[in-house]
Structures are given as structure tokens and as C-alpha cells.
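Protein chains in written order, with my numbering: chain L, 41 to 122; chain H, 41 to 122; chain F, 7 to 167; chain V, 7 to 167.
Since the hints were derived computationally from the structure, they do not count as laboratory data. Just so it is clear, the structure is predicted and the values come from calculations on it, not from any experiment. Using N, Cα and C, we set each Cβ at its ideal position, and we do this for glycine too. Mixed in with the good hints, there may be bad ones.
Here are the simulated DSSO-like cross-link-like pairs (lysine-lysine), alpha carbons at most 27 angstroms apart as the crow flies [to be verified]:
| hint | chain 1 | residue 1 | chain 2 | residue 2 |
| --- | --- | --- | --- | --- |
| 1 | L | LYS90 | F | LYS89 |
| 2 | L | LYS43 | F | LYS122 |
| 3 | F | LYS144 | V | LYS37 |
Under 8 angstroms between C-beta atoms, here's a sample of chain V residues computed to sit facing chain H [said to hold, decoys possible]:
| hint | residue |
| --- | --- |
| 4 | LEU23 |
| 5 | MET75 |
| 6 | SER138 |
Output of the computed footprint for chain V on chain F, the stretches with three or more beta carbons under 8 angstroms from beta carbons of chain V [as the list claims (entries may be wrong)]:
| hint | region |
| --- | --- |
| 7 | 76 to 88 |
| 8 | 121 to 130 |
| 9 | 144 to 153 |
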Amino acid sequence: MIKVLFFAKLREQLDCAAKSVPYQAGDDVIALAYRLVDKGGSSWSVLLDKETVCAVNQQIVEHSFILNDGDEVAFFPPVTGG
Amino acid sequence: MIKVLFFAKLREQLDCAAKSVPYQAGDDVIALAYRLVDKGGSSWSVLLDKETVCAVNQQIVEHSFILNDGDEVAFFPPVTGG
Amino acid sequence: MSKPTKKMTHCNVSIQLEDFDLSVETRELQKRGADIGGIASFIGAVRSSELDSQQGALRALEIEHYPAMTQRSVEASCEQAWKRWGFIACTVIHRVGRLPVGAQIVLVIVAARHRKEAFAACEFIMDDLKTSAPFWKKAEFENSTCWVDAKTSDTEAMDKW
Amino acid sequence: MSKPTKKMTHCNVSIQLEDFDLSVETRELQKRGADIGGIASFIGAVRSSELDSQQGALRALEIEHYPAMTQRSVEASCEQAWKRWGFIACTVIHRVGRLPVGAQIVLVIVAARHRKEAFAACEFIMDDLKTSAPFWKKAEFENSTCWVDAKTSDTEAMDKW
Chain L
41 MIKVLFFAKL REQLDCAAKS VPYQAGDDVI ALAYRLVDKG GSSWSVLLDK
91 ETVCAVNQQI VEHSFILNDG DEVAFFPPVT GG
Chain H
41 MIKVLFFAKL REQLDCAAKS VPYQAGDDVI ALAYRLVDKG GSSWSVLLDK
91 ETVCAVNQQI VEHSFILNDG DEVAFFPPVT GG
Chain F
7 MSKPTKKMTH CNVSIQLEDF DLSVETRELQ KRGADIGGIA SFIGAVRSSE
57 LDSQQGALRA LEIEHYPAMT QRSVEASCEQ AWKRWGFIAC TVIHRVGRLP
107 VGAQIVLVIV AARHRKEAFA ACEFIMDDLK TSAPFWKKAE FENSTCWVDA
157 KTSDTEAMDK W
Chain V
7 MSKPTKKMTH CNVSIQLEDF DLSVETRELQ KRGADIGGIA SFIGAVRSSE
57 LDSQQGALRA LEIEHYPAMT QRSVEASCEQ AWKRWGFIAC TVIHRVGRLP
107 VGAQIVLVIV AARHRKEAFA ACEFIMDDLK TSAPFWKKAE FENSTCWVDA
157 KTSDTEAMDK W
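So that you can see chain L by itself, here it is in the shape it has in the complex (with noise of 0.2 angstroms):
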């Protein structure tokens, strides 16, 4: 399984914190990301935007980034810390 956080505005947008998704082998953060906006309808078609920041287990990661079964994904507007 795959975890999937989501934060700040983003979290707001869908309604949703967290949820798992089933792990498939092969799979990168963007083709992670076309099956919850498959799954979640257009308003989840944020995840695909440009601006939107994605972490794997903690760290900022390219959208290619190919991932492992049990992995934290988190899906975040850009960072306004500080």
C-alpha cells in the first residue's frame, strides 16, 4: 500500500487528509497521481498541476520519482513558512 497525505489548501480542495492507495511496481508519483484523479473525479486534477509540490517519505521528489510498496506520499501547495 501506498499512504497519501495532503496538505494545506490542498487538503481543503478535496475534502481529504489521507488516504491508501494499493501499490502497483512501476508506478511514478504522476502515474500515482492520474489514478486519484481517475478514482476522485476533476476536482483531484489539482494533483496534476504544475505548482503542486510532491514529497516522498519526507523529502521533495521530481514528479518521475518511481515508487516502493509502503512508501508516505504527500501532495502540498508551494511552502509559505518562514
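Here the structure of chain L is known, so what remains is to put chains H, F and V in place on it, guided by the hints.
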């Protein structure tokens, strides 16, 4: 009269913190320094050193700065505060 | 993450609800060695005009974060700064939760041998944190709320390093 | 000195024997407006290895200054920084007299709308003060004393502005 002040290492080398010198119309800083060396002896030639700083009325000036009667002239080594 | 060959020694990162005291934190750092010649620090606070808004006066910012990631992200910023400027010690505190106008948000302190390294490392950590640590601000106005957008000026500030 | 057309408002300069407290001074500045978004500060302290010396351990620095000139010189540094970065308020405290190893020497705090101006103005004031304010350090070792020489690195630091 010109009031002349010496600070830090310079004050110690000259064994003098302050002295009064008669005003001479047209004198610049370097002319004043030469008068002090003439009067005080070779140990005073430190005033002519390139690195010696001069302030007139509490503002750093070039050695060609023309003096006025009543000015306060200070000679000191490069500053080392902060 | 590749293991650094030499580990940074005194790096104290805290993500917390509570406010902080600059002097207390600075005194803690000053204990880290008689060789400290300069301590640079920065405090970020909630400005009244944080946003140009039609929505009335700003009341507060609500700061959300990604708990599992925040600490290691900020530590990574410090580690990068330490590799470049080899300071003696640093402290970073970032608050989360609801912070009213005027409240302190973030504190970065860097103690180093010389002022140049202290200033550079402190500013670098702030710039890097602004563009990489998973914090998000939601602005609370009198009658509405909205998420604060990321600023391109922050990305540009980071690019200069 | 030519009169500036617009006067800097909150610039607090103090030359004193007494120690200072960073938090107290910072809180004073924070009162200067709800529009303050960033506060950068710097503390310079007496380092144990201030000088490479054959004369044993450093015990203290004795700081001499030119009282009539010091205040206006430091204020001029602040004024220059204010003209360039338009910060909201600043505080500079420089101690004089005998300061043992570990003692605080100088404090510069700048409160501004944004961090960039706060950092730049704070570092500029420190660099300018180092090369233009009439302070001199005499180092006290176990068995001898000597005047500290000016550093070319300080002049270079100033040249970059």
C-alpha cells in the same frame, strides 16, 4: 588655536592625549602634522604615516583638509571596534 | 539522503506552539564555546499588512505543517549552511498554530567565529526554510480566511545562494 | 554633514560601559509598529582566540573610544543604511572599557518590513562601524598587553557594499 587629540596606540607612543597648537591660516592637516613633528621630535613622525587617520571636528578627513581656527583635530590609528 | 562524513554538532531545531525568548536562546548558544565571536539572529513576525487585501484587517495567521517532515527539513537547511560556513552552533524555532498580528513566528540564531559566517548562515537558513520547509499560512481576516500564496521573491532569494 | 531631506525616525545609539540584554532591546523595537515583519540582530563578543598570540591566553579587551565622535559616527552608519534599505527602526549599543573573554561588545538590531532589508541593513551597519567608528581594542594577555591591529578583511567587507 587648534585643539589636537591623540588616541589609542598613538596616544601611548606620543605619551600625549591632547595639546593646543596656534592656528596658522591656510594650514591643512599635513602642515599641522609637520609642525607637530618639528616641535616634538622624530617619534612624532608617526603622524605622517599613511595609515594614521585624522578627524576634524569629529569627522574623518583627507590629510589635505584645510583647517579653521578653533577646529578640533584628532589623530588616531585605524579603528578596531565592533 | 547521503550521509555527511562529518556531523554538525550543535543544531537545535524546535517546531512548537509556544512562544520563544530571544535572549534565553542566545545565552544557550553563547555557552557553546569561548571561540564564538559573532551571533546573528533573525525573528520573523506576523505583520499587520502581511497581505494586500480587500478583506479588512488581518487578525492572525494559522500555520499548518507536515509534522513528520518539518524537523528533518529544517535540520537539512542547517546542515547545508553548516557545510558552507562551518559555524559553531545554531538554533531554529518555528511556531505552528494560530498566531495573532505582532506574534513571533520564527527564530534563527547562528553563533560563529566571525560575523561574516554568522550573517551568511543565518540568512541562508531563513531563505532555504522559506522555500523548502513544509509550513503553510492561512490568513484570518475579520470576515474571511484565505491561504497565503508562495512568493516568487522567496524563490529568487534562494536562487542567489 | 549635509542635512538629509527626510530624517530617520527610530535610531537608538548608545555607547556604554554596562552590558545589554538582547530581548529587552528587541522588544523595545518590536513596539515600533505592527508593520515589522523581520528583525535581524548581531552580537559581537570577546573571543578567546581573538588574536594569534605567543603571549598566552587572552584575558580581556580594553576598549577605548573618542567620546565626542563615537555617537555621531555610529548614527551616520545607521543613517546611510536607512537611506538604502528604509527600515523601520534600529538600535546600536557598543560597550567601552574592560571586557573579559566571553563578554558582549556590540549589538546591532534592525527591524524592517521584510527580512531582506533587515539582514542587509544590520550587516551594513556592522561592517561600516568596524571601519569608521572611533573605537580601539587593547588586548590583555596573562603577562602583557598589545593594541589590536585593524584587519584588511574588515576594509574588504566594507568595500563590497
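Hint check:
1. L:LYS90 - F:LYS89: violated, 31 angstroms
2. L:LYS43 - F:LYS122: Violated. LYS43 of chain L to LYS122 of chain F sits at ~44 angstroms, over the 27 angstroms cutoff.
3. F:LYS144 - V:LYS37: At roughly 24 angstroms apart (the allowed maximum being 27 angstroms), LYS37 of chain V and LYS144 of chain F satisfy the hint.
4. LEU23: With a closest approach of 15 angstroms, the LEU23 of chain V hint is violated.
5. MET75: holds, 4 angstroms
6. SER138: holds, 7 angstroms
7. 76 to 88: violated (count 0)
8. 121 to 130: It holds, with 6 qualifying residues against the three required.
9. 144 to 153: Violated - the region 144 to 153 of chain F has 0 residues with a Cβ nearer than 8 angstroms to chain V, which falls short of three.
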